[in-house]
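Q: If you're matching them up, the sequences are chains V and A in order.
The numbers in the numbering used here rise by one with no breaks, and the one at position 114 of the first sequence is 114.
The numbering used here runs 175 ahead of the 1-based position in the second sequence.
Since the hints were derived computationally from the structure, they do not count as laboratory data.
Errors might be hidden in some of the hints.
Pair ranges (Cβ atoms, derived) [stated by the list, open to error]:
#  : chain 1 : residue 1 : chain 2 : residue 2 : range
1  : V       : Ala59     : A       : Ala277    : 41 to 49 Å
2  : V       : Thr44     : A       : Ala272    : 33 to 41 Å
3  : A       : Ala288    : V       : Ala85     : 24 to 32 Å
4  : V       : Ala59     : A       : Pro233    : 35 to 43 Å
5  : V       : Ala110    : A       : Pro276    : 48 to 56 Å
6  : A       : Val197    : V       : Gly172    : 56 to 64 Å
7  : A       : Asp254    : V       : Glu109    : 39 to 47 Å
8  : A       : Ala327    : V       : Leu7      : 44 to 52 Å
9  : A       : Ala272    : V       : Asp127    : 35 to 43 Å
10 : V       : Gly23     : A       : Ser311    : 38 to 46 Å
11 : V       : Ala169    : A       : Phe198    : 17 to 25 Å
12 : A       : Gly195    : V       : Leu16     : 52 to 60 Å
13 : V       : Arg89     : A       : Asp254    : 44 to 52 Å
Cβ atoms here follow ideal geometry from the backbone N, Cα and C, with glycine treated the same way.
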Amino acid sequence: MRHLRWLLVPILVVPLGWLLFTGFGRDPREVASPLIGQPAPEWTLSTLDGDLLSTDDLAGRPYVVNFWASWCIPACVDEHPVLAAAHDRHGDAMTMVGVLYQDTTADAEAFLARYGDAGYPHLVDPDGRLAIDFGVTGPPETFFVDADGIIRDKQFGPLTDALMDERLASIGFDR
Amino acid sequence: MRRLLPAVALGGLLALLAVGLVFALRPGVEPSAAERADALARELRCPDCQGLSVADSPTRSAQEIRRQISSLVAGGAGDEEVRGHFVARYGEWILLAPSSPAYWVIPFAVVAAAAAGLVAWLARRRPAVADSVVISDEQRRSLHDEVEALDA
């Protein structure tokens, strides 16, 4: 019976160790977004090309909002072809929209010139208001909005082709 | 030792009560809009920093959040409304302190429980130690002789 007391040590230490281990392996900013299931924020912003674009222009179609920056290396460079491929494949049924996150238009244009411009619009968000409305903590973050304007899924960190397919399924695109 | 347990628990409770009273009885001066905005900025996490509040950070997000707090406060929003504005976007994560004051009790409760456990454990352990050193007079005498022999 006295030996049973020593069982207390692993009973206390193991869960604590597990908590620390999983805690350190995770990005503390990767929190479940309260926006999933909520209507997407509305915006009217100018694009890199100088046109005005607003949520009204996208009404009735699913769209994908990708927050990125030219200084977000390598994550934004890695996911750039994934976004371009999704735009090529589904561009006629949904809209891909990039949003500059704390970046200058000159740097963003240089990034697109270097890594390829897939042809979808990029919003300039000068005071970061749209990023705050979407609860963005750092690029890349990508939101998937369905045809009714409801946010259905969010990707924290770079997208891969597999993740893109999984997230797109949430707004009605079968794999 | 066991008799000390209620005294320790009562002492802890009284200390908590005193702290609560001091906070509750602090003089209530109505803060200005700028003071309220600043206090709220100190409660909110800067979204693109590591462990800094919005008040302490120079990033563009922090600047924009400070601007939004000021305009919400100027528009007549209450503190809870301002917090809610950002919690709706970022979740509870944006709050540097937990929203429910009940959470503050947890560390005190854990420390109190651990202290009570330690006291109870020590109290139970003491008699066992005392029993083991009881020796007969004969043994005591022979021990004494042995020590004397070593000293000689």
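Q: Next step is simple, just say for each hint if it's right about the structure.
A: Status of the hints after comparison with the structure:
1. At about 43 Å, the beta-carbon gap between Ala59(V) and Ala277(A) stays in the expected band of 41 to 49 Å.
2. Evaluation of the 33 to 41 Å hint for Thr44(V) and Ala272(A) yields a pass: the beta carbon distance comes to about 35 Å.
3. For Ala288(A) paired with Ala85(V), a C-beta distance near 56 Å fails the hint of 24 to 32 Å.
4. Distance hint for Ala59(V) and Pro233(A): a CB-CB separation of about 37 Å, consistent with the stated range 35 to 43 Å.
5. Between Ala110(V) and Pro276(A) the CB atoms are about 50 Å apart, so this pair conforms to the stated range of 48 to 56 Å.
6. Taking 56 to 64 Å as the suggested C-beta distance range, the pair Val197(A) and Gly172(V) conforms, at roughly 58 Å.
7. The supplied range of 39 to 47 Å is met by Asp254(A) and Glu109(V), whose beta-carbon atoms lie about 42 Å from each other.
8. For the pair Ala327(A) and Leu7(V), the beta carbons lie near 50 Å from each other, so the given range of 44 to 52 Å is met.
9. For Ala272(A) and Asp127(V), the Cβ-Cβ distance of about 27 Å falls outside the hinted range of 35 to 43 Å, so the restraint is violated.
10. Distance hint check: the CB atoms of Gly23(V) and Ser311(A) are about 57 Å apart, inconsistent with the given range 38 to 46 Å.
11. Between Ala169(V) and Phe198(A) the C-beta distance comes to about 51 Å, which lies outside the given range of 17 to 25 Å.
12. The beta-carbon spacing between Gly195(A) and Leu16(V), approximately 30 Å, falls outside the hinted interval of 52 to 60 Å.
13. As the Cβ distance of Arg89(V) to Asp254(A) is approximately 47 Å, the hint placing it in 44 to 52 Å holds.
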